[in-house]
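Note that the protein sequences, when read in sequence, are chains A and B. Position 735 of the first sequence, counted from 1, bears residue number 735 in full-length UniProt numbering, the numbering being contiguous throughout. Position 352 of the second sequence, counted from 1, bears residue number 352 in full-length UniProt numbering, the numbering being contiguous throughout.
Take these hints with a grain of salt, some might be off.
You can't tell identical chains apart in this list, so a pair holds if it fits in one copy or across any two.
[Claimed, not checked] The calculated lysine to aspartate or glutamate pairs, modelled on EDC-like cross-linking and capped at a C-alpha distance of 16 angstroms, are:
# : residue 1 : residue 2
1 : Lys66     : Glu663
2 : Lys622    : Asp549
3 : Lys93     : Asp527
4 : Lys93     : Glu663
5 : Lys624    : Glu665
6 : Lys642    : Asp374
7 : Lys638    : Asp708
Since the hints were derived computationally from the structure, they do not count as laboratory data.
Number of protein chains: 2
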Amino acid sequence: MANIAKKVSWSSRGDEPAQGEGTPLLNGTGAARYSRQVTCLFTWYLESVVSRPKEIPHNEKLLSLKYESLDYDNSENQLFLEEERRMSQMGFKCLEMSRWLVCALIGILTGLIACFIDIVVENLAGLKYQVIQQNIERFTETGGLSISLILWVLLNSAFVMVGSVIVAFFEPIAAGSGIPQIKCYLNGVKIPRVVRLKTLVVKVCGVICSVVGGLAVGKEGPMIHSGAVVAAGISQGRSTSLKRDFKVIMQQFLKVSGLAGGVLFSLEEGASFWNQMLTWRIFFASMISTFTLNFFMSIYHNKPGDFSNPGLINFGRFDSDVSGLLGALFNVLNYWLTILRIRYIHRPCLQVMEAVLVAAVTATVSFTMIYFSDDCQPLGEDQLEEYPLQLFCADGEYNSMATAVFNTPERSVRSLFHSPAGSYNPVTLGIFTITYFFLACWTYGLTVSAGVFIPSLLIGAAWGRLFGILLTLADPGKYALIGAAAQLGGIVRMTLSLTVIMVEATGNVTYGLPIMLVLMTAKIVGDYFVEGLYDIHIKLQSVPFLHWDAPATSHSLTAREVMSSPVTCFNLVEKVGTIVDVLSNTSTNHNGFPVVSRLSDGCEPGKICGLILRSQLIVLLKHKVFVERARSRLNQRKLQLKDFRDAYPRFPPIQSIHVSQDERECMMDLTEFMNPTPYTVTQETSLPRVFKLFRALGLRHLIVVDSDNQVVGLVTRKDLARYHLGKHGLEELQLAQT
Amino acid sequence: MANIAKKVSWSSRGDEPAQGEGTPLLNGTGAARYSRQVTCLFTWYLESVVSRPKEIPHNEKLLSLKYESLDYDNSENQLFLEEERRMSQMGFKCLEMSRWLVCALIGILTGLIACFIDIVVENLAGLKYQVIQQNIERFTETGGLSISLILWVLLNSAFVMVGSVIVAFFEPIAAGSGIPQIKCYLNGVKIPRVVRLKTLVVKVCGVICSVVGGLAVGKEGPMIHSGAVVAAGISQGRSTSLKRDFKVIMQQFLKVSGLAGGVLFSLEEGASFWNQMLTWRIFFASMISTFTLNFFMSIYHNKPGDFSNPGLINFGRFDSDVSGLLGALFNVLNYWLTILRIRYIHRPCLQVMEAVLVAAVTATVSFTMIYFSDDCQPLGEDQLEEYPLQLFCADGEYNSMATAVFNTPERSVRSLFHSPAGSYNPVTLGIFTITYFFLACWTYGLTVSAGVFIPSLLIGAAWGRLFGILLTLADPGKYALIGAAAQLGGIVRMTLSLTVIMVEATGNVTYGLPIMLVLMTAKIVGDYFVEGLYDIHIKLQSVPFLHWDAPATSHSLTAREVMSSPVTCFNLVEKVGTIVDVLSNTSTNHNGFPVVSRLSDGCEPGKICGLILRSQLIVLLKHKVFVERARSRLNQRKLQLKDFRDAYPRFPPIQSIHVSQDERECMMDLTEFMNPTPYTVTQETSLPRVFKLFRALGLRHLIVVDSDNQVVGLVTRKDLARYHLGKHGLEELQLAQT
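Just chain A, with the same shape it has in the complex (with noise of 0.2 angstroms):
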């Protein structure tokens, strides 16, 4: 029985060259060539726009190693089996009570978040404006303003310094808006570090900086992705939760759009697991949340028992139809700039230093609108205008500019939306949107906490705007809304889950539809040119994401053809010694091995017996579950499935572990402990359908096996993702270890 588990790495395939061959590595070490080029800093901007990206290698055609899937398939060995014949009805009850709670925890902690991030991002900024308001209202006539626009840099770059030095150096997982993280963890794929507290409270700290540092970027990405790490850390302290993690996710969306939508975004987005229990608990703890950030935000505004505030942006309600060009060229430059950023920027004070003159380029941009326009306003009584600059305009006026500009991207747009027509002229909006469009492009994959929501809004309320003043329609501002639509849609491109938030933002179904068309229309328009922005960083960051469909044309291709192998099989006993080499061996870090039964002398394939994973067999080892010790422990506890939960979801590495010389030597029963009906296809299996079982099943390892049921190969997730439907029919990715 020696020798009985293959060393092979089910990576690399006879029929193709071993992974990321050829194609060089971006996040290689090159550190001497860093040094020759922090001088052209500029000059790589000027290239972005310039040079071709087909030139440039990057990692979009290959597909990344590092990350792991999710499983969400249910180990059915016999420790479960036992455990569910001890439980009594009343415990199951208590079992389903108890999530309903950890929902509802969920939701409240959720919205206290959101709260806390609202609330000193309102005061924080609050002063920021009053200050440098009252420093230009100083200077406006003594004629000192360079001074103001010291202070303005100044005080921007520290906040922004601040928040990109956090996420630089402490958790560079936190930067930008986190939905395309969040996005792939829905889908199943592991990404290190997202869910942890450490993120959070950076990701926290990180966007107050951020928005209150002026930049051109929003507060909700990094909301959801709060909410995300929220419910999935409070869902990780019970140990049954693995599938809880992915229960539990957008509740954070409900603070910008309302109910349903929160529900649909997370059935849009990923959901490669779905069913109606999950639903529901979605759905409560998207209650819960709104509930709890409208009933504190009230209170915070004196106004408790006030819950009238729906939302942060109920907009008003409008109607029209435009499209989303706009939308891939602002995808298209920033995934040149993405392209450069991986190539040049990956050093933390690199990026802090990008950080800290895209905050100040951002103050001096928009100071040096505000000083040569020269759109004045009568002040309306209603006081619109949160800190109204009066600059060089009449007595009773304000600067219109200031406005879209001097203000936090959110008032800017209720702004857009909500004043009366006249309150902008054109030449403001159309400076207005160009700036702030190149301003965002730059901004987005900045390393700061940053969402893209806000500023698409708002690049689209003001060409929407403008576009409305052009044609001199009554309301300007429902082409705002619309405008703002398609924008948004045009860069990120969901279109059932934004016509939701739209919908309930605006509070009138009756424009759902046309909301509807321009979201389509800028989907298909953008989608022609480039993907959306959250595909493109998940593509640059070569994730294994699956889509919601097998490509088409793909029903050629079978099982056999897609799975790795030959595969890593254990004996039903099996001796220690292998499995702890085939464990240590760093090269291949399988997760899941078949195990099957086989005639003694060992090199046929053996008939398929179960499923074991690599966290089952550490804690077998940990607790030296061994036939030999059988005997000698009689009396010693048996080991329970609370064992196993307890070591999730991290259970120690294999080196921790001391095996002895003699323990070696000793065998190992894994019948008891092996998921004993894995789900397996046969080789003739076509793509789809292997597929649709992955995706509908949750799936992490799929067994591929013979008509004599031996094992042939297995199919993991980046088996499937390789695939995709390029410009010339099926293309395949290659497979890189980074």
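Following the hints, complete the assembly by docking chain B onto the known chain A.
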């Protein structure tokens, strides 16, 4: 190779009695008994409250074999692969486009039907109430009010008789709300004739008659059913639409609800097989439908362009908290009543008589209540009352009871929600609640097209308002809303979609939490006593309905115990005579046959090669695709996938295909036509695992194999649906042919 197909009924298994044995079938033909019992119609209703339901034999513990299952699995045979290979990229895009067009068409048609129903009901009911109102006014002082009563009774009875006759004699499946049937259809059970054009016509006319006839019914359920028929009809027009039947459904729900409500409804209520594209298409069709409806209704009301009518029930904004015991009582009463109906009233003429009786009683009771009511209210200036009855009130006043009962139920609901405090006195509301409760309970299940949504809302609104008045609260209208939500939740038990519908109807997210809590409380309280109304009716029809999850504690059941065996299998190359004999066997009527490769002795069960469907075999027989003929018709056209599609959905019965004695001796090669990779499981697979596979992939047949891949059994829907969690743990339903 003779006698290969074993003639076994796979519904009769060795270890249990044959189907339905020992249980009297309720739909028996004891015609003699009826005549004796017609005379004591009233006694039965008395019985219905007194007698204990457990003493009455009914078919709730049976599972009918007459329902077929829908099949969402794709037969990936060689013809399919060839067709895919031929299809260009362009072709796929066209197919995609045409699907969206179909959805748009569905939306438009459904919206038009809803318009039609609305307008006709509005006009006819208006006419009826005007005539009666004038009549009553004429006779109030002269004192011949009994003539008015007779007029009212006659008018109502006439309408209801027409509605009842067309349902009872032409299309019995059009009875009721249609929601239980659609729920089953979404679940994957093919209810005969439920999506036929004839059903649609009868449903539309029937619901108009019922509502105009003054029954305690609503028109929302039938509208949902109409939407489903339109959707199924249009998508069946195209031959690839097997899956589309399903894709399409709940547009009309939108009429009541809004956007997300409809989508969530389909999700909550059935969706045994779900994907993202589907969601989008349903959503799109919903949008189109709502838009069409609003557009035409606004033209009808001479306000073209005014789309501000986002639904029929745009309630207002409210909050509070109550529960749903009344719902359980309603369901229990209706359950007993339905059992009585199944037992005694199943001849069409009796059914019509009962419907007319109910109509007459409803009119009489309404008249009596108005007559004896002394709740006079001053006529407001806003004229909320559509048909104010003065009766014995002073001039300038109207009878308040008449507002509640002398009106379509929908208008009554609106009045209860929106009338200012003091419009109703408590006695009026109390009497109305009690009377209407029993009337609605009696009405649901009559042989007329009738929904239970609006009556539930009405009962709930009445007692909610009563509750509000008794607690002397400022705004009884908001209690009416919460009461309505609770009552509806208590009766139909859909928490998620109802919350969304209510929230969307009130247009305020903030009241989502109270409404949801109310609905959940109502559901929990109600579930403690009895199931939801729709579920009761589904159970009473013995439909093999699959719930979302397998019953808890069923992990110890394995596929070996669940499956039907032995299985009728075919060889890869099979004798035509054998096939014809198996297909002609009316006692089994199997629909899927595993194809096996077998040793020549034919005693062993063979290794699994594929799965072939009855419909495919019939097409093959019809085209005489025999091995012997292959040589002689080399110049003949090869069979294509199109030939199979053309046969869908109504392939000819086997009896219509003539097979000569010579041809019986021919052989048929199934290799090219069978599905070569059907899903299989091993005998040890647990019930929940089989269930999950079945549900997630929308299967109709799941083959059970042993460790040598030999076919040992077949799992179909009824094998899974028969297990349910009763009071004493896992219970098994019996199978019956009816």
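Worksheet item: Hint numbers the structure violates, sorted upward?
Response: 1, 2, 4, 6 and 7
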